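Since chain A is already given, all that's left is putting chains B and C on it; use the hints.
Protein chains in written order, with the working numbering: chain A, 387 to 498; chain B, 4 to 125; chain C, 14 to 159.
Fair warning: there could be bad hints in the mix.
[To be verified] Sample of chain C residues facing chain B (criterion: CB under 7 Å; computed from the structure):
no.	residue
1	30
2	33
3	40
4	122
5	128
Note that these hints are calculated values from the structure, not bench results.
Note that the structure is predicted; figures quoted are calculated from it, not measured.
We put the CB at the ideal spot given by N, CA and C, even for glycine.
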Amino acid sequence: MRLKDIIEGLGLKVLAQGDVDREVNWAYTSDLLSDVMAGAQPGDLWLTIQKHMNIVAVAKLKDLTGIVLAKGIRPSEEVVAKAEKEGIPLLISEYPLFEVCGRLYELLKEEG
Amino acid sequence: MKLKEIAELVDAEFLNLPEKADEEVHTACAADLLSDVLAMRGEAALLITGEAAPQVVRVAGVMNMRAILYVRGKKPQRKDIVKWATQRGIVLLSTPLSTFETCGRLYVKGMRCSESSEIEFA
Amino acid sequence: MERQVFSYSVVRTGSLDDVGLVSTEIKKKLEELGVERNIVRRVSIICFEAEMNLSLYAERGGNIFVAVEPDKVDIYVEDDGPGIEDLEKAMQPGYSTAPLWVHELGFGAGMGLPNIEKNSDVFEITSELGKGTKIHSAVFRNKDAA
Numbered sequence: 387m388r389l390k391d392i393i394e395g396l397g398l399k400v401l402a403q404g405d406v407d408r409e410v411n412w413a414y415t416s417d418l419l420s421d422v423m424a425g426a427q428p429g430d431l432w433l434t435i436q437k438h439m440n441i442v443a444v445a446k447l448k449d450l451t452g453i454v455l456a457k458g459i460r461p462s463e464e465v466v467a468k469a470e471k472e473g474i475p476l477l478i479s480e481y482p483l484f485e486v487c488g489r490l491y492e493l494l495k496e497e498g
Numbered sequence: 004m005k006l007k008e009i010a011e012l013v014d015a016e017f018l019n020l021p022e023k024a025d026e027e028v029h030t031a032c033a034a035d036l037l038s039d040v041l042a043m044r045g046e047a048a049l050l051i052t053g054e055a056a057p058q059v060v061r062v063a064g065v066m067n068m069r070a071i072l073y074v075r076g077k078k079p080q081r082k083d084i085v086k087w088a089t090q091r092g093i094v095l096l097s098t099p100l101s102t103f104e105t106c107g108r109l110y111v112k113g114m115r116c117s118e119s120s121e122i123e124f125a
Numbered sequence: 014m015e016r017q018v019f020s021y022s023v024v025r026t027g028s029l030d031d032v033g034l035v036s037t038e039i040k041k042k043l044e045e046l047g048v049e050r051n052i053v054r055r056v057s058i059i060c061f062e063a064e065m066n067l068s069l070y071a072e073r074g075g076n077i078f079v080a081v082e083p084d085k086v087d088i089y090v091e092d093d094g095p096g097i098e099d100l101e102k103a104m105q106p107g108y109s110t111a112p113l114w115v116h117e118l119g120f121g122a123g124m125g126l127p128n129i130e131k132n133s134d135v136f137e138i139t140s141e142l143g144k145g146t147k148i149h150s151a152v153f154r155n156k157d158a159a
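Pulled out of the complex, with its shape left as it was, chain A reads as follows (with noise of 0.2 Å):
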C-alpha cells in the first residue's frame, strides 16, 4: 500500500512532504529509540508519540517510509524542517497510539 492511500485513509495531516508514493511494508510502533534501532525494518512505517530531534534520523538510518505522530503531538520547526531536509514523510493522526495502529493495521489487511 502506498503511503499517500495511508494518509488519505487515516486522515493524517501532513507536516512534511517526502516520497508519498513509496510503498509501505509494514508499520513499527514504539517510543523508545533504542526499540526502533532493534527492531524496525526498512519500508517500516513509524507510529509513535516521541517528537524528539533524533526521530528523523533514525527514521533515516532504518530505511523508514515515514513517521506517524500520534495523539495530535506537534514536533518542533526544527524537526519538521530537519524532516524536510532529509526527505522523511512526517504525519500526525490526532488519534491516540493504540488507535493509529488498530486502523492501520486494518487497512493494511484489508489491502492484504
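Okay, now just chains B and C, sitting in the frame of chain A:
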C-alpha cells in the same frame, strides 16, 4: 474482552495472577514513555508497553490500570516488582509480538482506547 | 470532617526504582478516606510527578504533605536544594534538565511540572538556587457538582 482471550489472541503468557484470567478489560492504551501514561486523558484498563522498568508498574497502579501487557517478549526483571503488582491485583502479561501487531489484533476484535471519546477536531 | 494532614518523605537513593511508592501510599490513604475517584487520580498524578522530581533532583530528597479537607485536597512539596535555575523554562512542556541516563531509560521528557500544573486547580511554585523549591497544589473536590 477477558484477559485470557487477550492472551490467546496475542500469544501472551501470564506472569502472575492466572486466577484473574476471566477478568474483563474494555479499554487499552499503548505507551512506552512514563510521561505519556501520566498525561493521558480518560482511563485505560490495559497498558500495552515495551518498557519493563519498575516505574511502569507503579504508574499503572497510580492510574488505576488493571493489567499490563509487555510486548516483544519483555518482562520485568525483578521478582519484587512482579510481587508488588500481584499485591495490588495488577495482572502482568507478556507477548512476543510487536506493539503494532498487538494493538492491531486487539483493535480488530473491538478493543478501544478510552481517550478517543474525548477527541475534539478543530 | 476536619482537615487531615499526612506527611511522607522521599529519600534520594540515586536510582529511580522506588519512585511511585509514596504516591501509591497517598492514593491508598485517599481511597480509604472516601475521596472521589477523579480527585484521587489527579492528586496521585501530582504526587507521582513530584516524587519523580524529588528523586531525580533534590540533593537530600524532600517531603510531600497532603492535607485532606471536605472541599479540597492540598499538596505541599518541599526540598532544601539545589533549587531551579530557570523556573519559566522548567514550566515549559518538553524542557528537561534530566541527565542522559534518565533519558535513556525513557524518562525525563520534561513534562513533570507542566503535568502537575495541569492537574491542579491552584498551583504555586517558588524556588531559590542554593535554598530549595516549594510547590503548593490544590485540587478542589465536588467541582462538577451543580
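For each hint, the structure was consulted:
For residue 30 (chain C), the interface hint holds, the least distance from its beta-carbon to any beta-carbon of chain B being 5 Å, beneath 7 Å. Using the Cβ-Cβ criterion of 7 Å, the hint placing residue 33 (chain C) at the interface with chain B is satisfied: the shortest such distance is roughly 3 Å. At its closest, the beta carbon of residue 40 (chain C) sits 6 Å from a beta carbon of chain B; the interface hint therefore holds under the 7 Å criterion. The beta carbon of residue 122 (chain C) comes within 4 Å of a beta carbon in chain B, closer than 7 Å, and the hint placing it at the interface holds.
Hint on residue 128 (chain C) holds. Least Cβ distance to chain B is approximately 6 Å, under the 7 Å limit.
Against the hints set out earlier in the document, no violation occurs for any number.
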